[in-house]
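Residue-level listing of the chains:
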Amino acid sequence: MKRRDFVRTLVSFFVAGKAAISQQQRVSDPTLPPPAPVPWFTGLNSRTPVPATELADHVATTELTFFTPLQMRTLTRLSDVLLPPLNGKPGAVKAQTPKFLDFLIGSSAEPRKKIYSGGLDWIEESAQAKYKTAFAQLDDNQAGELIKPWLRTWMSDHEPTELHADFINIAHDDIRNATVNSKAWNDVPSVGAEPSTQTDVYWLPIEPDVYGQNPAYAHTPPHVLAAPKDGQKMPVYSR
Amino acid sequence: MNMTNEIHDVLIIGSGHAGGMAAKMLTEAGIRCLMLNAGPVADITRDAERLSASDLPYRGFRPPGHVDHIAQANEFNANVWVDEQEVPYTIETGQPYSWVRVRLFGGRSLFWSRQSFRLSDYEFKCKSHDGFGEDWPISHADLAPYYSRVERIFRVAGALDGPPQMPDGAFILDDDPWTPSMQRFINAATPRNIPVCKQRRALGVNGLASSVNLLLPDAEQTGNLTSIANAVVREITVDKNTGLPNGCNFVDRITRREMSVKARVVVLAAGTLESTRLLLNSGLANSSGVLGRYLTDQIYGAGVVASVPEARNRKGEKIMGGSAIVPRFRNIDTKSDKFLRGYAFNTTSMTGPLGARNFAAYGAELEKKLEEYYGSGFVMTIMGEVLGRYENHVRIDKDKVDAWDIPVLHIDTRYTDNEYNMAKDAVAVASELCETAGFEVLSKNEVPNPPGYSIHEIGTCRMGDDKKKSVLNKWNQSHDHKNLFVVDGASFTSGGWQNPTMTILSLSMRASEYLANEMNTGNL
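Taken in sequence, the protein lines are chains W and G. Residue 135 in my numbering sits at position 135 of the first sequence; the count goes up by one each step and never skips. In my numbering, each residue carries its 1-based index in the second sequence increased by 239.
Don't read these hints as lab results, they were simulated from the structure. Each residue gets a CB set at the ideal place from its N, CA and C atoms; glycine is no exception. It is possible that some hints are incorrect.
Claimed, not checked - Below 30 Å or equal to it, Euclidean Cα-Cα: the simulated DSSO-like pairs (lysine-lysine) are:
(1) G:LYS364 with W:LYS148
(2) W:LYS114 with W:LYS148
(3) W:LYS130 with W:LYS183
(4) G:LYS707 with G:LYS364
(5) W:LYS113 with W:LYS94
(6) G:LYS639 with G:LYS364
(7) G:LYS366 with G:LYS639
(8) G:LYS608 with G:LYS574
(9) W:LYS94 with G:LYS608
(10) G:LYS501 with W:LYS94
(11) G:LYS663 with G:LYS577
(12) W:LYS148 with G:LYS577
(13) G:LYS721 with G:LYS479
(14) G:LYS366 with G:LYS608
(15) G:LYS479 with G:LYS663
(16) W:LYS183 with G:LYS364
(17) G:LYS557 with G:LYS479
(18) W:LYS148 with G:LYS663
(19) G:LYS501 with G:LYS554
(20) G:LYS554 with W:LYS114
(21) W:LYS183 with G:LYS366
(22) G:LYS577 with G:LYS708
(23) W:LYS113 with W:LYS132
(24) G:LYS501 with G:LYS364
(25) W:LYS183 with W:LYS113
(26) G:LYS501 with G:LYS721
(27) W:LYS113 with G:LYS639
Stated by the list, open to error - Some but not every residue of chain W turned toward chain G, in silico, with C-beta under 8 Å:
(28) PHE66
(29) VAL81
(30) SER107
(31) THR153
(32) GLY192
Claimed, not checked - With beta-carbon atoms standing in for the labels, derived distance ranges:
(33) G:PRO402 with W:ASP187: 49 to 57 Å
(34) W:PHE41 with G:ASN452: 51 to 59 Å
(35) G:GLU323 with W:PRO85: 37 to 45 Å
(36) G:ARG285 with W:THR61: 32 to 40 Å
(37) W:PHE41 with G:GLU610: 53 to 61 Å
(38) W:THR48 with G:ASN452: 50 to 58 Å
(39) G:GLN311 with W:GLY106: 21 to 29 Å
(40) G:ASP414 with W:PRO49: 46 to 54 Å
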């Protein structure tokens, strides 16, 4: 919630409260209608229904912000090869993973951006050099010929650092995690060793947006919020 | 402006394990304490909810830009760590450092992994053993009674199976038998004189072994503790007449109101590097010139992931499970020509899935591997001692301030061949042990994570008998200012392979009892 919205809400809260109290004071006047049984705001309590909301990602669309159209076509094909639909589970493409990665990588630090941009350009050039066609048009075997030499095992947050192996393995890991943690994947029950969507305790921002309190710090971005406060409306209930 | 003019007995800065223990011991001795914590109180019933990653905008990934150097961060816990834009730090080019901080009340004690070890005299008297560094001014015998009391408070589970380099303690005894996979590993290690012991872990209460549930309630019950949240300490203040610390100036992190408090004694427990940053920003306790020096931690990240063949295809139910600690075995009775000191292995026989990173495959082939190898993983990772070196240090960066205009810390540290050679040796030994046990090694890594990653940073305010070479005496008391104590990991003279928490708690308990006695007898 922006500060001005917060103030507006606060003001309307007190105005409404004063009006309710004023009504109670006039109860002895027989010409006035009877007041509401209780001030309306006492209805905001632990039993108040909470509106159900959806993550915008589930229902809205967005424009590409980082990858070029060619890079996105390459990433989409790469995602489909590395994590295709299997055993009833959706693949990376149906999980909208390439579009999600455009958002994630586009807001990541420069080294991560370079790995993706450089990696996608490299694999496209490799496809053109070997097959004289775009990577997005390769069949699974052709794509595998370009991918498999660079697959590595790795552990403990130590991504491969070798050129090309870094991109292939990091992208594979990201594509896999983003897909497993998508709504499309979560909607289909996992069987056997198929990974399940991560469920955990999510910590909300624990203090107010400290930067919003002081214009001197307005240049510094606020904490990342799980859900935009602007999107949250004060519920209104019929009486 | 001090609105109450009240002079507290002791000002404690920080509320984690070190500050919580100081508060407990001092208040129980009848001393009135004021505790300041830089962040808010976390209430899990109010501040957290169980969610699926598919309902989060970053799908569980660490949100970019705010906690980029915290490998442990993800979207679920991103809000508990210190925001690196709010409280930045600077590093030397090419020398990364992961400074992992929590400013919630209780600090990092809310989230630690609870491994609970004592240091031995191989650490306390390290120089006497191998000639490098400095001996501590205390020995295991000095700290042993405090370790025992801490172990009882924190309900440490373990077995009395430690060799001299891993002293036993007052444990809730773990007498579970080893599983067959662990026994095979032990059979491989024993002929090589590599000890394999039961893990040692604080059970706490309901799995939480934090300051907020095991220490602060006792302090609050005495009626002698006053606590303030969101108090970001700017500097320790000094009495102009005596030159002694007499309180601090702080800024309220929400309102930005500048405040101050007074106290007869100041106890620093803000976490190793924050305590040292505060001393450096205050211009205190540095007649030796070693304040900020000898920063050390532990190397993490190197290790091996293996698979027990007989447990594959869902046949591991009676084979797998359990964990062990392999305490340091290098440079105890023999001497390596590759490195000083040594490392331990955390060893786990897994009953769940193996990560996809352990297979050079994708698509249907990868899914088949994951199904086949499910419940057969055997993981060994190291905790290795980092040598305390003068050149590994922190200082104030005069060109950068945090969100409250407090100068930030510049961290200038790096690992050397000693640590890199240690990690290589560990991976070679782990691979050999796994292969001897008949396990298949799937992946390995011999490159340590960046310094700081272990969240076991220690040193920079080290204790010693020689005030020209140390900041604190053997009671965690400043050589320069008798009413200033540093009771957290900054006080360590050197490190070890062990998780430092039990030692931090025991040092804080010991120092606080000493301080209480000094105050109650009129010496302070």
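These are the hints, each one checked on the structure:
1. G:LYS364 with W:LYS148: Violated, at about 52 Å.
2. W:LYS114 with W:LYS148: holds, 21 Å
3. W:LYS130 with W:LYS183: With a Cα-Cα distance of about 37 Å, the restraint between LYS130 of chain W and LYS183 of chain W is violated, given a limit of 30 Å.
4. G:LYS707 with G:LYS364: holds, 19 Å
5. W:LYS113 with W:LYS94: holds, 23 Å
6. G:LYS639 with G:LYS364: Violated, at roughly 39 Å.
7. G:LYS366 with G:LYS639: Judged against 30 Å, a Cα distance of about 38 Å means the pair is violated.
8. G:LYS608 with G:LYS574: This hinted pair is violated, its Cα atoms lying about 42 Å apart.
9. W:LYS94 with G:LYS608: holds, 23 Å
10. G:LYS501 with W:LYS94: Measuring from Cα to Cα gives roughly 62 Å; hence the hint is violated.
11. G:LYS663 with G:LYS577: holds, 10 Å
12. W:LYS148 with G:LYS577: Status violated; Cα separation ~37 Å.
13. G:LYS721 with G:LYS479: Given that 30 Å is the threshold and the Cα spacing comes to 15 Å, the pair holds.
14. G:LYS366 with G:LYS608: Violated: LYS366 of chain G and LYS608 of chain G sit about 49 Å apart, past 30 Å.
15. G:LYS479 with G:LYS663: Violated, at about 54 Å.
16. W:LYS183 with G:LYS364: Judged against 30 Å, a Cα distance of about 56 Å means the pair is violated.
17. G:LYS557 with G:LYS479: violated, 70 Å
18. W:LYS148 with G:LYS663: holds, 27 Å
19. G:LYS501 with G:LYS554: Violated, at about 65 Å.
20. G:LYS554 with W:LYS114: violated, 44 Å
21. W:LYS183 with G:LYS366: Given pair LYS183 of chain W, LYS366 of chain G is violated - Cα atoms ~57 Å apart, limit 30 Å.
22. G:LYS577 with G:LYS708: Holds - the C-alpha atoms of LYS708 of chain G and LYS577 of chain G are around 28 Å apart, at most 30 Å.
23. W:LYS113 with W:LYS132: Given that 30 Å is the threshold and the Cα spacing comes to 26 Å, the pair holds.
24. G:LYS501 with G:LYS364: Since the Cα atoms of LYS501 of chain G and LYS364 of chain G sit roughly 38 Å apart, the hinted pair is violated (cutoff 30 Å).
25. W:LYS183 with W:LYS113: holds, 25 Å
26. G:LYS501 with G:LYS721: holds, 16 Å
27. W:LYS113 with G:LYS639: holds, 27 Å
28. PHE66: Result: violated, 12 Å to nearest chain G Cβ.
29. VAL81: Interface hint status for VAL81 of chain W: holds (7 Å vs cutoff 8 Å).
30. SER107: This interface hint holds because 5 Å falls under the 8 Å limit.
31. THR153: holds, 4 Å
32. GLY192: Constraint on GLY192 of chain W satisfied, holds at 5 Å.
33. G:PRO402 with W:ASP187: 49 to 57 Å: Given a distance of about 53 Å, which is inside 49 to 57 Å, the answer is holds.
34. W:PHE41 with G:ASN452: 51 to 59 Å: Because 35 Å falls outside the window, the suggested range is violated.
35. G:GLU323 with W:PRO85: 37 to 45 Å: holds, 39 Å
36. G:ARG285 with W:THR61: 32 to 40 Å: Hint holds: Cβ distance 35 Å, inside 32 to 40 Å.
37. W:PHE41 with G:GLU610: 53 to 61 Å: holds, 56 Å
38. W:THR48 with G:ASN452: 50 to 58 Å: Violated - the Cβ-Cβ distance for THR48 of chain W and ASN452 of chain G, about 31 Å, lies outside 50 to 58 Å.
39. G:GLN311 with W:GLY106: 21 to 29 Å: 24 Å Cβ-Cβ, so the 21 to 29 Å window holds.
40. G:ASP414 with W:PRO49: 46 to 54 Å: holds, 52 Å
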